[in-house]
Each structure stands twice: as structure tokens, then as C-alpha cells.
Amino acid sequence: MTLTESASDAPVLGEPSAPAGHGRRFRRLVTAAALGLVVPVLGVLLWQSLATSVEFTASQLPTPGAVLGALAELVARGELWRHVAISSQRVVLGFAAGAGAGLVLGGLVGLSNPARALLAPSIQAVRAVPSLAWVPLLLLWLGIGETPKIVLVAIGAFFPVYTTVSAALAHVDRHLVEVGRAYGRSGLRLFLQVQLPAIAPATLAGLRLGLAQGWLFLVAAELIASSIGLGFLLIDSQNTGRTDILLLAIVLLALIGKLTDSLLGLVERQLLRRWT
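Per the numbering used here, the very first residue in the sequence shown carries number 1; after that it's consecutive.
In short, the hints are calculated from the structure, not lab data.
We put the CB at the ideal spot given by N, CA and C, even for glycine.
Treat each hint with caution, since some may be false.
Computed Cβ-Cβ distance ranges for the label pairs, DEER-style [to be verified]: (1) Ala115 <-> Tyr183: 40 to 50 Å; (2) Glu73 <-> Val44: 15 to 25 Å; (3) Ser262 <-> Pro64: 16 to 26 Å; (4) Ala254 <-> Pro130: 41 to 51 Å; (5) Leu216 <-> Glu73: 35 to 45 Å; (6) Val38 <-> Pro121: 19 to 29 Å; (7) Leu68 <-> Arg25: 26 to 36 Å; (8) Leu142 <-> Ala182: 47 to 57 Å; (9) Ala101 <-> His22: 27 to 37 Å; (10) Gly100 <-> Asn239: 18 to 28 Å; (11) Arg189 <-> Val104: 16 to 26 Å.
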């Protein structure tokens, strides 16, 4: 082995080795996960304390143990997974439709001044309509099947995506666009290679907001016109006095919403790493 080869194989001072780098990354992930659990754990302890105090009765605020018992009951009856599955399906279908429409219209309004002048005022006005205001109209037009629920989720997912995409495109650095044109980019190539990477962080954030909004709109639909789903579970447990199942439905909505947001966050990190 030559002196040059041995020098090139030697580790460079000041640069961490791969195992050490992975170890630090793992420790950071563990620390972040532990910190993220602090508030939920404190919340459960506070919940237990309040539920066993004289301020609340068992029917008003069941203990966490009672809610876990309700979870076991629904699992044993085979009902829980049907409620979770149908609500998740509605959100996925509605989010895909609403986010797709938001990307298309947001791109059109963000790239075209005439389209912005024509469409933006009306879309912003419709955006101010509360979610519950859509429910009776959709039921009247589309009946009580799956379609109105999916459409309502699509409406909820549309506006955050549309708003972030249109605003991000309208505020792309003009110098960046000019550099792209100077290198021969125009039309679709300019959009895909210059503008899309520039708006990627805002667009992906808008998609995550749209997903969260879709869950909110879904519950509004299921509270009124459904015989299955987590929203139905909420209203049914209220009518039957099962506060433990009501709290369970709320916890499940929070957990599933967090899970879907985390999955979309993984996709966001991969895409941002590729585009930026």
C-alpha cells in the first residue's frame, strides 16, 4: 500500500464517522419523541385527577381506564374497525378530490393575472361559508349516501391547498424566474424546474392543512347524516349517554388525524429533499 492510498483511507479530523452520525441522529429522534409525549402524559394524568375528583361524576367525565374499557368493548363487538375504516376512506377520497382541485385552481390563479382577477374574489367569498352550512344543501342535492360526505371533505381540503398554492406562486421571487428564463426555461419547463421547487414547502404545508381540514369537515357531515363512522359514534354515544365512547371517539379522531399528518409529513420531507 502506498503512502497516498493510506492517507486517503485515513479518517479526516473533525469529520464524524457514519456510525457516530447515525447515533446522534437516533438520539435526536428519541429525544424529540420523548418531548412530544410529555404533554399527552400530563394531559392523561390531569384527566385522571379530574375524573376522580368531586367536581365531575362518572357520567360527565369517565376515567381513562373507563375509556380503554369502551375501546375493548367496541373491538370485541367488531364495530370499531368499521367506524375507523369508513371515516378514513371518506377522508382519503375527499382529500384527493379537494386537494387536486386546489392544486389546479391555485396554480391557475397564481400564474395568471386574468384568472386571479376573475376567480379569486368569488373563491374567497365561498371560503367564508361555515362547514355546517354546506350540510343541508348537500343532503338536498346528493341525498344521504356517501357522496355528500366525500364532497364535504373535498370542500374542506380544497381551500387550504388553493390558498397556499395561489399565494406561493404569486410571490415567487421574480429574479429566480428571470434566471430560469435566461437559461432557456419557459412554459411547463419553467414551472416544473423553477417555480414548482420554489413553492414546494408552501404547497406541502397546504396539503397538510387541507388534510386536517378534511377531518373537521368529515365530522360535521357524519354528525348529521350518517349511520357509521367516528362522527356518528360521537352523536350516537351522546344520545345513549355513553360518555366513555364519546371521549374514545374524540381520542381516536386526534390519533388518526396525527397519524395521517405524520405520514404526509414523511412524504413532505422526501419531496423537499429531492426538490431542494
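Here is what the structure says about each hint:
no.	hint	in the structure
1	Ala115 <-> Tyr183: 40 to 50 Å	violated, 26 Å
2	Glu73 <-> Val44: 15 to 25 Å	holds, 20 Å
3	Ser262 <-> Pro64: 16 to 26 Å	holds, 23 Å
4	Ala254 <-> Pro130: 41 to 51 Å	violated, 22 Å
5	Leu216 <-> Glu73: 35 to 45 Å	violated, 27 Å
6	Val38 <-> Pro121: 19 to 29 Å	violated, 45 Å
7	Leu68 <-> Arg25: 26 to 36 Å	holds, 34 Å
8	Leu142 <-> Ala182: 47 to 57 Å	holds, 51 Å
9	Ala101 <-> His22: 27 to 37 Å	violated, 42 Å
10	Gly100 <-> Asn239: 18 to 28 Å	violated, 36 Å
11	Arg189 <-> Val104: 16 to 26 Å	holds, 19 Å
The structure does not agree with the numbered hints 1, 4, 5, 6, 9, 10 stated previously, though it agrees with the rest.
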